[in-house]
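Visitor: The primary structure of each chain is shown beneath.
There are 2 protein chains.
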Amino acid sequence: MANTIPHILGKGRFEINGSLWMEKDGIRFFGPGPVQLMEYIEETGSINQAAKKMSMSYKKAWEIVNNLNTMTARPLVITATGGEKGGGSFISEEAKQLIRYHKLLRKRFQKFLEKESLLLKKQTAVS
Amino acid sequence: MANTIPHILGKGRFEINGSLWMEKDGIRFFGPGPVQLMEYIEETGSINQAAKKMSMSYKKAWEIVNNLNTMTARPLVITATGGEKGGGSFISEEAKQLIRYHKLLRKRFQKFLEKESLLLKKQTAVS
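Residue numbers (numbering that gives the first Met the number 0), protein chains in the order written: chain A, 0 to 126; chain B, 0 to 126.
Read the hints as simulated data drawn from the structure, not as lab findings.
Accuracy of the hints is not assured; some may be wrong.
A pair counts as met if it fits within one copy or between any two copies, since identical chains are not told apart.
[As the list claims (entries may be wrong)] Within a straight-line C-alpha distance of at most 25 Å, the following computed DMTMM-like cross-link-like pairs (lysine to aspartate or glutamate) qualify: (1) K114 / E14; (2) K59 / E115; (3) K110 / E42; (4) K10 / E115; (5) K102 / E62; (6) K121 / E42; (7) K51 / D24.
On a predicted model such as this, the values are computed, not experimentally measured, just so you know.
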């Protein structure tokens, strides 16, 4: 009796999915969320506007920004003087480079997931 | 000025970590949790005992078992007659095969994570 994984799983669209992040000394500090926030800060020039786009409180966004700047050697988000909503914010060249690295990392992960999902589908097709 | 990822990150142990699961029609249904539960059922012969080992309610464990059996074509956990605590439970050959597949999948994922973390460390070492 054929007793393959596709036999066991049966009908349906089976896929391998997952999530990925960077840790510093075992603590998660960088992933898709912070990247998205930094991209919105770059786009809007404002932590407040970026937070709104993510349906996130200003406090939460500020905590993420502060965490990013504390965890890394070079500041990622730079806030100009003028108070919380007065001064604009922008991201550093280092942040842009980290975002580029992250995009490439995500691509490699996506490739891994697709390869594993394909393996599962191929097995389904032949069973 | 060198502006590499290790320069940006600074001192500390930086690693790539993540989680992985299987989806059926876009719904997450199989990952380390259910695998652990099935292994404990195999070990103890009891859903109740397995639930305790996972600090999980019997209700929650039963829901996972029921979900696993519903999502797959072949039953994974088989409960003998005798009521909730009377009859013993065991896992099928199909469940054992799915667990073996899952372990190999995890190994490949672990390899991916190690490779990415090493890449990050190597970059740190040369910078």
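Visitor: Does each hint hold? Answer for all of them.
Guide: Quick rundown of the hints versus the structure:
1. K114 / E14: both (10 Å within a copy, 23 Å between copies)
2. K59 / E115: Answer is neither; intra-copy 35 Å and inter-copy 29 Å both fail.
3. K110 / E42: neither (28 Å within a copy, 36 Å between copies)
4. K10 / E115: within (18 Å within a copy, 34 Å between copies)
5. K102 / E62: within (23 Å within a copy, 37 Å between copies)
6. K121 / E42: Classified as neither; 42 Å inside a copy, 33 Å across copies.
7. K51 / D24: Neither: 31 Å inside a chain and 32 Å across chains, both beyond 25 Å.
Checked against the numbered hints above, the structure violates hints 2, 3, 6 and 7; every other hint is satisfied.
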